[in-house]
Structures are given as C-alpha cells and as structure tokens.
Amino acid sequence: MKKDIQSTKEQTPVTEAHNAIAQAERAAKQALSHTNPHTLGSAREALLQAEHAVEGAAGSSNPQAVASLCDSLDRVRAELQSAEEQKP
Numbered sequence: 001m002k003k004d005i006q007s008t009k010e011q012t013p014v015t016e017a018h019n020a021i022a023q024a025e026r027a028a029k030q031a032l033s034h035t036n037p038h039t040l041g042s043a044r045e046a047l048l049q050a051e052h053a054v055e056g057a058a059g060s061s062n063p064q065a066v067a068s069l070c071d072s073l074d075r076v077r078a079e080l081q082s083a084e085e086q087k088p
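Sequential numbering from 1 applies to the sequence shown in this note's numbering.
Derived from the structure by calculation, the hints contain no laboratory data.
Fair warning: there could be bad hints in the mix.
Within a straight-line C-alpha distance of at most 20 Å, the following computed SDA-like cross-link-like pairs (lysine to any residue) qualify [stated by the list, open to error]:
hint: 1; residue 1: K29; residue 2: Q81
hint: 2; residue 1: K87; residue 2: R44
hint: 3; residue 1: K29; residue 2: S82
My request is simple: use the sequences and hints to build the entire structure.
Here you go:
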C-alpha cells in the first residue's frame with residue numbers, strides 16, 4: 001500500500017526565496033568554474049526564478065528577511081556577471 005508523505009513544515013514565501021537563491025548561487029558558482037553556454041544559461045534561469053521568488057516574498061511580515069534575500073540576490077547577480085565576462 002502506498003502512503004502519502006507530507007512535510008510537517010509548510011514553506012513560506014521567504015523560505016522558497018531562500019531556497020531559490022541557494023540554487024541560483026550554486027548555478028552561478030558552477031558557471032564561474034565551468035564557463036560555457038549551458039552553465040551560463042542554467043545560471044541565468046536559476047537567477048530569474050530566484051528573482052521571482054524574492055518578488056513573491058516582498059510582502060512578507062519580516063522586512064529584515066526580505067532585505068537579506070535582496071542582498072543575497074545581488075551577490076548572485078555579481079557572480080553571474082563575472083562568469084559572463086569570462087565567457088570564451
């Protein structure tokens with residue numbers, strides 16, 4: 001018999017944005033270390049998803065968390081820009 005397993009933690013928009021930024025950061029670091037059209041494209045897509053997630057978290061009741069997310073997003077943008085400047 002198959003059982004449905006559900007997480008006991010509900011993801012908030014801030015948590016979702018944090019996770020999306022972490023994914024974008026990993027993609028940007030990979031693009032920095034292995035610069036090619038595929039890794040750059042993946043990093044751009046991950047950054048776009050993170051930007052949308054941060055927009056979704058903007059209405060949060062925790063403005064400090066949102067400000068921290070925006071700072072993290074800026075760092076990911078800078079990493080991606082560095083990777084794009086290394087493009088062969």
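Now the hints, each set against the structure:
At most 20 Å may separate the alpha-carbon atoms for a hinted pair to count; K29 and Q81 meet this at roughly 11 Å. About 14 Å separates the Cα atoms of K87 and R44, which keeps this hinted pair within 20 Å; it holds. Of the supplied pair hints, the one linking K29 and S82 holds, its CA atoms being roughly 10 Å apart against a limit of 20 Å.
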